[in-house]
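Enquirer: So the protein sequences, as listed, match chains A and B.
For the first sequence, the residue numbers in the UniProt record's numbering are 1 to 419.
For the second sequence, the residue numbers in the UniProt record's numbering are 1 to 419.
Hints were generated in silico from the structure; no laboratory data involved.
All figures in this text were calculated on a predicted structure; none of them were measured in a lab.
Just to be clear, a hint being listed does not mean it is correct.
To give an idea of the interface, some chain A residues facing chain B are shown, with a C-beta separation under 7 Å as derived from the structure [unchecked claim]: (1) Thr40; (2) Lys43; (3) Ser57; (4) Phe110; (5) Asp144; (6) Ile149; (7) Ile290; (8) Gln297; (9) Gly300; (10) Gly304.
Stretches of chain B that chain A covers, calculated by requiring three or more beta carbons in the stretch to come under 8 Å of a beta carbon on chain A [as the list claims (entries may be wrong)]: (11) 27-41; (12) 154-160; (13) 179-189; (14) 220-232; (15) 255-261.
Even for Gly, the Cβ is constructed at its ideal location relative to N, Cα and C.
Number of protein chains: 2
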Amino acid sequence: MEGTDVALKDLTAEQFAELKTDIQGKYDELKSRNLKLNLTRGKPSSEQLDICTDLLSLPGENFIDKDGTDCRNYGNLVGLTSIREIWAEVLGVEVKNLIAADSSSLNIMFDLISWSYIWGNNDSEKPWKDEGQVKWICPVPGYDRHFTITEHFGFEMITVPMTPIGPDMDQVEELVKDPQVKGMWVVPMFGNPTGVTFDADTINRLVTMETAAPDFRVVWDNAYAIHTLDENFPEITDVVKLGGNRFWSMSSTSKITQAGAGVAFFNSSDENLTWYNSHALVRGIGPNKINQLAHAQFFGDAEGVKQVMRKHARSLAPKFAKVLEILESRLGEYGVAEWTKPTGGYFISLDVVPGTAKRVVELAKDAGIALTAAGASFPYGNDPENKNIRLAPSLPPVEELEIAMDGVATCVLLAALEQ
Amino acid sequence: MEGTDVALKDLTAEQFAELKTDIQGKYDELKSRNLKLNLTRGKPSSEQLDICTDLLSLPGENFIDKDGTDCRNYGNLVGLTSIREIWAEVLGVEVKNLIAADSSSLNIMFDLISWSYIWGNNDSEKPWKDEGQVKWICPVPGYDRHFTITEHFGFEMITVPMTPIGPDMDQVEELVKDPQVKGMWVVPMFGNPTGVTFDADTINRLVTMETAAPDFRVVWDNAYAIHTLDENFPEITDVVKLGGNRFWSMSSTSKITQAGAGVAFFNSSDENLTWYNSHALVRGIGPNKINQLAHAQFFGDAEGVKQVMRKHARSLAPKFAKVLEILESRLGEYGVAEWTKPTGGYFISLDVVPGTAKRVVELAKDAGIALTAAGASFPYGNDPENKNIRLAPSLPPVEELEIAMDGVATCVLLAALEQ
């Protein structure tokens, strides 16, 4: 988080009026440019997508996997061994505890909750639908699509604040004493939207804490585990090995190969996977093996995956640097905002003056700059302090990003001055 | 169905003993060959899979759809317009009423029932989980994976017999007077396993019958709509247009391009699709568009799809002819079996002497010929007459199929003689 030197509140009335005239002028000029820029979602850019174009011609005539499987025919509930082996090495987990699925890890998360709701999971005394009110821990700010799932099932979402080392574990340990608390969302590495990676103590407390519910689950959405911006790959903790049935761990190649057309993975304990497969086998025959084979051929091995990630880092790092540079140069001195400085992931979390986030997004929209809706990183879209904005720098080229972020800074200042 | 000339029951004791010695000898000889043949499931053969090998190099560098969509990035809940347009023409339905999904239509069926169970569908007064016993109509013999889904949700499955023109509609019309009857499985064209295509009167009665449940649904699994064996494509009725919200219609390219790696489609009314999408949007962002684009490029247009199907027909027709020829020559005279003579689809439904189907499958297994488990085409795997066996001729080459079917005929006769 970013401190400040000369805060807005310390300005004289004259200085304040002068600044407001200046910023209002900048905003009017911004509006007059009729921009159409978008910082809403964590989408890869065309430059990033070009990294994996060769994958789109695979597998070609090499449709037999190395274990002899003809990937063009039915069968194989848990996915191709070849892609599971590569990914298990990337994550540092056991192959037998890793399922390769279709393209969406979100699909897997939804199904895990849906099937626990209908039938209970392998540690449930009864289906979650037959519990009283199911409660769910939601570190905030967090990933909006997580919260949408638990809202859809009518779970009561209880927020705990994110800190620079993970969720506030004192609060989490207190909450899990309630047997109605059945689970928790986390993005443990380069998290959405804070960029925070959980430290060893946080992970240890999540592994060892006593929960009143025997069927409590942590949805360990490791979507950004290898999405470094500085080409340093942090160590990935094998929580499944440490945590028994507690962790449902997900990842995918959506932000590695093709967004929404990659391979998603589910890593969990033997018992959890047996339970999952008992339902997955009724839902269908198995995942798209052709797509999995293409990915295995394209990557070759775990090092091949890291090579791709280094290319992404080189594309993304200048964009993150540009956003941080503009935030610092435009807002640093006024004490009207704080922001995260991630070394990985897809987002920067910006906290503006409490009570002004919605106004900032509105001002930006009127100037042709689309930002993620204020509050989107909170359950029910409700940021109680109305201060958080998620910035997604990946999609636009640097030149556009620069224009957009300079505009956002103007909007942040103007909203602060209005208030 | 097949009649007979000289029935087993009309043989003299001497003739009977002579035949039994002969057949037992044939069976012993069969066993001594240590065969390993498989007629269990409706899998395409390698020869069929080779028809679409060119698809496996697509889309290559042409990853932009004709409407400008970069198929490598996120977005598009309902699937690519280009593949939806081609498939809508194949089915003769409106593009706006057709969703293109990932590879499995079974996944869609499961989700439709799951979401109706949890939240109710768009015509439900309450979620199906809050109903008393949900009941479901199952024409038999039918598709085992259908029955497994409704068994998994604890629905009471009520069987009605298939006739050569569709399910017994007198029984269906009677059953739907019960408000607990919420739906019905059907495979309306070249059905699994009978090969029957519903006639116009059957379809009309399904469209117009009064159901006590307002949220009653027919799962119209049109998996084999264009899977002709004689290159005649029967007319496909647009039941969605005729039937309002009653029909959930599914199809896929699993037995056209790659099995389990094609594109699945869901065709239904505007209201049904709005309801489906309201849940699908929470489960994920959208389907694999790269795979959809590859399919659109490979087919080109609806005629391209039919060209592929003609090639499949040329591969499959000799296999079906061989099975029918052996059944007729080996069993025709004895009155120990009846079988369907489909002009499309993937299966032949064989009825042996009541009480002997399990024994036939056991005898075949002991001789190294794997058949679908007796009873598999019935809910709970329970064929009350123990007479039905599903034959799947597609996978083995003709020479193997000939050996396998000759063996099966020996087993059918031996089981009949034992009884």
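Enquirer: Taking the closest Cβ pair, is A/Gln297 under 7 Å from chain B?
Expert: 11 Å, violated
Enquirer: Was the hint right that A/Ser57 lines chain B, CB cutoff 7 Å?
Expert: 5 Å, holds
Enquirer: Interface hint check: A/Ile290, Cβ to nearest Cβ on chain B, cutoff 7 Å. Holds or violated?
Expert: Holds, about 4 Å.
Enquirer: Any CB of chain B closer than 7 Å to the CB of A/Phe110?
Expert: 4 Å, holds
Enquirer: Less than 7 Å between beta-carbons is the criterion; does A/Lys43 satisfy it with respect to chain B?
Expert: At 5 Å from the nearest chain B Cβ, A/Lys43 passes the 7 Å test, so the hint holds.
Enquirer: Examine the stretch 27-41 of chain B: at least three residues should have C-beta closer than 8 Å to a C-beta of chain A.
Expert: Check failed, 1 qualifying residues.
Enquirer: Just to make sure I understand the rule, a stretch counts as covered if three or more of its residues have a C-beta closer than 8 Å to a C-beta of the chain. Does the stretch 179-189 of chain B meet that for chain A?
Expert: violated (count 0)
Enquirer: Should the interface hint for A/Ile149 be scored as holding, given a Cβ-Cβ cut-off of 7 Å against chain B?
Expert: Hint on A/Ile149: holds, closest Cβ of chain B at ~6 Å, below 7 Å.
Enquirer: How about the stretch 154-160 of chain B: do at least three of its residues have a C-beta closer than 8 Å to a C-beta of chain A?
Expert: violated (count 0)
Enquirer: Against chain B, with CB atoms and a cut of 7 Å, does the hint on A/Thr40 hold up?
Expert: Hint violated; A/Thr40 Cβ to chain B Cβ min 11 Å, cut 7 Å.
Enquirer: Tell me if the interface restraint on A/Asp144 is satisfied: Cβ within less than 7 Å of some Cβ in chain B.
Expert: 11 Å, violated
Enquirer: Does A/Gly300 hold up as a contact with chain B if the rule is Cβ-Cβ below 7 Å?
Expert: 18 Å, violated
In summary, the structure is inconsistent with hints 1, 5, 8, 9, 10, 11, 12, 13 and 14 from the numbered list given earlier, while agreeing with the others.
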